Amino acid sequence: MSAGLLQLEKTLQIAENGEEIEHSFEETSDETADDLEIIAAALESDLGTEEEEGSEELTDRERGERIIDVLIPPCEWQDQDGTTWIQRVSRAGPTRTAVIQLWEQLDLKTKERQARSRGICAIRRGLYKECYDELIRQVTLDCPERGLLLSSIKN
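Using the UniProt record's numbering, read the sequence shown as starting at 1 and increasing by one per residue.
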């Protein structure tokens with residue numbers, strides 16, 4: 001589990017040619033593609049609009065993974081040696097235990113960081129934002145449309 005409330009994948013090293021080393025999941029999208037086009041393409045695949053007869057249909061899970069990369073973009077950075085690293089949010093499906101752990105972690109971090117229970121509090125707001133991002137991640141994996149709805153409410 002990461003230090004924050006948002007579940008993350010393991011950190012992957014990026015080779016000089018731009019490919020991920022120890023790639024553990026499918027490529028999600030072209031870097032130059034527009035975010036709305038990615039979301040629209042993922043949703044259209046569910047509506048049965050097939051361009052090719054032999055094309056594979058995306059499952060809800062795959063569509064959710066593509067949409068997650070748009071809603072919560074991967075973190076990319078370079079270390080002192082010039083090695084590029086990338087870290088995406090977790091693709092692990094939501095479980096009852098994960099939701100309970102999220103609730104407990106939110107409560108613990110609220111106490112640790114001494115967030116005020118009333119009034120305006122930047123600490124509490126940041127923790128709730130991070131918690132809401134994790135909920136969006138979990139919901140998007142189960143139902144991409146609901147995840148998009150939650151994301152639009154957040155923004």
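If you're looking for bench data, these hints aren't it; they were derived computationally from the structure. Heads up, some of the hints might be wrong.
Label pairs and their in silico Cβ distance ranges [what the hints assert, rightly or not]:
no.	residue 1	residue 2	range
1	K154	R118	18 to 24 Å
2	S152	G126	30 to 36 Å
3	E57	Y128	35 to 41 Å
Dumping the calculated BS3-like pairs for lysine-lysine here, alpha-carbon to alpha-carbon at most 27 Å [what the hints assert, rightly or not]:
no.	residue 1	residue 2
4	K129	K154
5	K154	K111
6	K129	K109
7	K154	K109
What you are looking at is a predicted structure, and each value in this text was computed from that prediction instead of being measured. The beta carbon of each residue, even a glycine, is placed where N, CA and C say it ideally should be.
Hint check against the structure, violated hint numbers in rising order: Violated: hint 2 alone.
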